[in-house]
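Novice: Okay, here's what each chain looks like letter by letter:
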Amino acid sequence: MALNSLGREIPASYAGRTLTPYRDPFSNQPSGLAAPRPITRVNPGTSKLVGSLREAIEASGLKDGMTISTHHALRNGDYLLNAVVNEIAALGIRGIWIASSSVHPVHAEIIPHIKSGVIAGFQCGVNGLIGELASKGELQVPIIVRSHGGRARAILEGSVKIDVSFIAAPCCDPCGNLNGYFGPSACGSLGYAQSDALHAACVVAVTDNLVPYPAVPVVIPQTLVDFVVQVERLGDPAKIVSTTTRITTDPVGLQIASYAAQVIEASGLLQDGFSFQTGSGGISLAVADKMRSAMRRGNIKGSFGCGGITGYFVGMLEEGLFSSLMDVQCFDTEAVRSIGVNQAHQEISADLYANPFNRGAVVNRLDCVILGATEVDCNFNVNVNTESNGYLLHNTGGHSDTAAGAKLSIIVAPSIRGRLPIVRDQVTTITTPGETISVVVTERGIAVHDRHPELKEELIRRKLPVKEIHDLQKETCRITGTPRPLDFEDEIVALIEYRDGSIIDVVRRVKE
Amino acid sequence: MKITRKVQAGTMQSSDLMVFLEPAEHLTVTIESTVLKQFGELIRAKVDEVLARHHVESGEVRITDRGALDYAIEARLETALLRAAEE
Chain V
1 MALNSLGREI PASYAGRTLT PYRDPFSNQP SGLAAPRPIT RVNPGTSKLV GSLREAIEAS
61 GLKDGMTIST HHALRNGDYL LNAVVNEIAA LGIRGIWIAS SSVHPVHAEI IPHIKSGVIA
121 GFQCGVNGLI GELASKGELQ VPIIVRSHGG RARAILEGSV KIDVSFIAAP CCDPCGNLNG
181 YFGPSACGSL GYAQSDALHA ACVVAVTDNL VPYPAVPVVI PQTLVDFVVQ VERLGDPAKI
241 VSTTTRITTD PVGLQIASYA AQVIEASGLL QDGFSFQTGS GGISLAVADK MRSAMRRGNI
301 KGSFGCGGIT GYFVGMLEEG LFSSLMDVQC FDTEAVRSIG VNQAHQEISA DLYANPFNRG
361 AVVNRLDCVI LGATEVDCNF NVNVNTESNG YLLHNTGGHS DTAAGAKLSI IVAPSIRGRL
421 PIVRDQVTTI TTPGETISVV VTERGIAVHD RHPELKEELI RRKLPVKEIH DLQKETCRIT
481 GTPRPLDFED EIVALIEYRD GSIIDVVRRV KE
Chain G
1001 MKITRKVQAG TMQSSDLMVF LEPAEHLTVT IESTVLKQFG ELIRAKVDEV LARHHVESGE
1061 VRITDRGALD YAIEARLETA LLRAAEE
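From first to last, the protein sequence lines are chains V and G. Residue 293 in our numbering sits at position 293 of the first sequence, with consecutive numbering throughout. Residue 1003 in our numbering sits at position 3 of the second sequence, with consecutive numbering throughout.
Just so you know, the hints here were simulated from the structure itself, not pulled from any lab data. Cβ atoms here follow ideal geometry from the backbone N, Cα and C, with glycine treated the same way. Be a bit skeptical, because a hint or two may be false.
[Unchecked claim] Now the in silico label distances, taken between C-beta atoms and shown as ranges: (1) G:TYR1071 - V:PRO251: 13 to 23 Å; (2) V:ARG297 - G:HIS1054: 55 to 65 Å; (3) G:HIS1055 - V:ASP490: 39 to 49 Å; (4) V:ASP272 - G:SER1014: 38 to 48 Å; (5) V:PRO105 - G:THR1011: 18 to 28 Å; (6) G:VAL1029 - V:PRO251: 30 to 40 Å; (7) G:TYR1071 - V:LEU91: 55 to 65 Å.
Make a model of the complete structure from these sequences and hints.
Specialist: Laid out in structure tokens, this is it:
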């Protein structure tokens, strides 16, 4: 055991791997070469089409102990990962690691295959029941949680070696040119699958929409694809993309959004060339709405909107408030429509989006990002992975990537959520280090990190309710009562990897 | 105050609670809560305080809490007690 720089106990090794404790956001330097991939040759007249998923698995050469991946652009509507794991089990293959870009509640179907040993571990975070059962000690399976940028980094540097990647391809031709724009399972951007396509030893394109050659636009080219297989359905379209997300109507949420918008205006960043990212939550969208009004008012033209893209950002693009959108994942049907028709709606890979170990990612160019939090501590460290009951339920997403990259990273959250105060002595799990967070905005006050003294002064000058984060915590706890800390066992159920591969925290088994 | 009939008060919304009361020979209190681990003792203390203030000595008290603050617990429980004691 060693303490990392945030005071978290990190074991020397986990699941056979030596661990490096987190030190700081920017100094860790990569070395060596990018991970290699076997070269092959496909001569004229060779067909890549195979008859079924099972034939594709056999053709890929998948063996015991290997690593597979899928992407999560189909989100909770995805059928593919479950289907692949069922076929792997039927073929008698065991000890498989899953290195998908995310695992969703719909994938709880594979739990029996974890218990039986078909699945040996997760090189990715898990949303939902799998994480909960692991936290309770009911599922013994190593889990390594990574951010979107961290996953791209791990694949590029070869610390996660994908043997076979199964890429759900909503629009695909027989040679494996593919995109996510069209077809019954259209999901828009395939940003997360691109690293897999470049670095997996074998790439299988799986489609429910096989189109005549060539499938254009080509997002992932045929040069990277080994096999193409047709299935009846890739997913449930109703669950692939959510219906339009709405701006919050909750007065607490609107108050938070109003403060956050005023913080952005006070920062001086809101000028021509402004770049901005929000999630799809109701408060985030309310902030975006206020920015939209402010940009119209000030006749400001932004450079790009980034991230998981919603219809809200598409509206701002089409209105001319942003000159482009940099899109790693489409959050709703409107975003899917737009990426197929708007040239300035640019699909980006997770590598380009957020990888810390390349020649510069898009997040480094962000002026402002709006992020959520389950808990924040008095050093501004943020938890989004575990719920306050201690269960691992959520993936990191781009949280720690965008916080590190953006000039101004703003956490928006109600001060109290179901009696639980947002600001704690200690967060259950550290996802994102406080030294990459600028401001925490609640309806009860605004806390500014010490590394932004000028912004703090300006907010005070503008008569915004600036509070020390300790005072915010005390004030909230007077209303809620002081929550009793949870009890944990020593057993580690998951690693939380920082984007550079160092270990920022571990998730321990909850004492029930 | 005496619990003379079966009543309920509250909602199942986040930050609220449901209170169920029924006549019974002995006083029993059961509490379910989304924040039982963190606030179970504080919720119990508040419920006991309100019951004592109203001199409730018998009845079945069931609380299903969704993270309500103390004042909400007090208001919902008092409302239920008044309903349970109505002639």
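Novice: What are the numbers of the hints the structure violates, in ascending order?
Specialist: none
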